[in-house]
Amino acid sequence: MKITVNKREKIMPDNISILEMMKFLNHGDISSIALAVNQEIIPQTKWEETNLKDGDKITIIQATCGG
Numbered sequence: 001m002k003i004t005v006n007k008r009e010k011i012m013p014d015n016i017s018i019l020e021m022m023k024f025l026n027h028g029d030i031s032s033i034a035l036a037v038n039q040e041i042i043p044q045t046k047w048e049e050t051n052l053k054d055g056d057k058i059t060i061i062q063a064t065c066g067g
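Residue numbering for the sequence shown follows this note's numbering, beginning at 1 and increasing consecutively.
No lab work stands behind these hints: they were computed from the structure.
Among these hints, one or two may not hold up.
[As the list claims (entries may be wrong)] Computed cross-link-like contacts, DMTMM-like style, restricted to lysine to aspartate or glutamate with a CA-CA straight-line distance of at most 20 Å: (1) Lys-23 x Glu-9; (2) Lys-23 x Asp-56; (3) Lys-53 x Glu-40; (4) Lys-10 x Glu-20; (5) Lys-10 x Asp-56; (6) Lys-57 x Asp-14; (7) Lys-46 x Asp-29; (8) Lys-46 x Glu-20; (9) Lys-7 x Asp-56; (10) Lys-7 x Asp-54; (11) Lys-57 x Glu-9; (12) Lys-46 x Asp-56; (13) Lys-57 x Glu-40; (14) Lys-23 x Asp-54; (15) Lys-2 x Asp-14; (16) Lys-53 x Glu-9; (17) Lys-46 x Asp-14.
[As the list claims (entries may be wrong)] Label-pair distances were calculated between CB atoms; the ranges are: (18) Asn-15 x Thr-64: 30 to 38 Å; (19) Cys-65 x Ile-11: 31 to 39 Å; (20) Thr-64 x Asp-14: 28 to 36 Å; (21) Thr-59 x Ile-11: 17 to 25 Å; (22) Asp-14 x Cys-65: 33 to 41 Å; (23) Lys-46 x Thr-4: 14 to 22 Å.
C-beta: ideal position from N, C-alpha, C; glycine also.
When you get a sec, could you build the whole thing from the sequences and use the hints?
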């Protein structure tokens with residue numbers, strides 16, 4: 001299936017969860033990441049049970065230190 005991650009098209013296996021997608025994209029430390037699917041924030045506690053669909057638009061935001 002095709003999804004868009006931060007405005008870049010990606011091909012992912014069907015029925016992949018958000019957590020599996022993050023592993024697939026090599027995001028090891030997810031503790032400081034926020035994520036939205038189709039502009040809806042998905043809490044990390046729901047990543048394992050939330051499956052993505054063809055055409056979904058994912059925004060991944062990485063918190064950084066500094067000011």
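Okay, the hints, checked on the actual structure:
{"no.": "1", "hint": "Lys-23 x Glu-9", "verdict": "holds (17 Å)"}
{"no.": "2", "hint": "Lys-23 x Asp-56", "verdict": "holds (17 Å)"}
{"no.": "3", "hint": "Lys-53 x Glu-40", "verdict": "holds (14 Å)"}
{"no.": "4", "hint": "Lys-10 x Glu-20", "verdict": "holds (14 Å)"}
{"no.": "5", "hint": "Lys-10 x Asp-56", "verdict": "holds (10 Å)"}
{"no.": "6", "hint": "Lys-57 x Asp-14", "verdict": "holds (15 Å)"}
{"no.": "7", "hint": "Lys-46 x Asp-29", "verdict": "holds (17 Å)"}
{"no.": "8", "hint": "Lys-46 x Glu-20", "verdict": "holds (12 Å)"}
{"no.": "9", "hint": "Lys-7 x Asp-56", "verdict": "holds (11 Å)"}
{"no.": "10", "hint": "Lys-7 x Asp-54", "verdict": "holds (15 Å)"}
{"no.": "11", "hint": "Lys-57 x Glu-9", "verdict": "holds (9 Å)"}
{"no.": "12", "hint": "Lys-46 x Asp-56", "verdict": "holds (16 Å)"}
{"no.": "13", "hint": "Lys-57 x Glu-40", "verdict": "holds (10 Å)"}
{"no.": "14", "hint": "Lys-23 x Asp-54", "verdict": "holds (18 Å)"}
{"no.": "15", "hint": "Lys-2 x Asp-14", "verdict": "holds (9 Å)"}
{"no.": "16", "hint": "Lys-53 x Glu-9", "verdict": "holds (13 Å)"}
{"no.": "17", "hint": "Lys-46 x Asp-14", "verdict": "holds (18 Å)"}
{"no.": "18", "hint": "Asn-15 x Thr-64: 30 to 38 Å", "verdict": "holds (32 Å)"}
{"no.": "19", "hint": "Cys-65 x Ile-11: 31 to 39 Å", "verdict": "holds (33 Å)"}
{"no.": "20", "hint": "Thr-64 x Asp-14: 28 to 36 Å", "verdict": "holds (33 Å)"}
{"no.": "21", "hint": "Thr-59 x Ile-11: 17 to 25 Å", "verdict": "holds (18 Å)"}
{"no.": "22", "hint": "Asp-14 x Cys-65: 33 to 41 Å", "verdict": "holds (37 Å)"}
{"no.": "23", "hint": "Lys-46 x Thr-4: 14 to 22 Å", "verdict": "holds (20 Å)"}
Comparing the model with each earlier hint shows no violations; every hint is respected.
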